[in-house]
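Asker: Sequence:
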Amino acid sequence: MFNTDAFAYVDVLNAAANAKWQRNEILSNNIANVDTPGYKRRDLEFSTCLETELLASGYGADSLDKAVKNMDVSNLQPHIYTEYQNMSYRLDGNNVNIETENVELASNQIEYDALIDSMTHEFNRIKSVLQ
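Numbering (this note's numbering), first residue to last: 187 to 317.
List of simulated lysine to any residue pairs, SDA-like, C-alpha gap at most 25 Å:
| id | residue 1 | residue 2 |
| --- | --- | --- |
| 1 | K252 | L316 |
| 2 | K313 | Y195 |
| 3 | K252 | N200 |
In case anyone wonders, no lab produced these hints; they're calculated from the structure.
Please model the entire structure based on the sequences and the hints provided.
Answerer: Rendered as structure tokens:
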């Protein structure tokens, strides 16, 4: 229909929010398995993927708008990994630290809420233009 980049930021924010939601699930799973013998902590990395895609768009930090508009959002796939190398101080081989997981979960939730607020702000900007 119309060729517009009005939703470019929303698309990126949506991908980031989806990654944060997925990380919440992974961190919750780590907490649920804190007493499972041999369980290894899992986590998700998204910021490196986002940075790579921003650089691949061909624009530097001087033009974030152009970088976001030229970014292929379909390439924003978070990386899920298992921490086998983390030393476990427990005899059962589990490497989940409940305090660390709770802090990471709280921090991730704050970041998720900020992304949702940013998307709301972007939609409000678009809405004000249309009025």
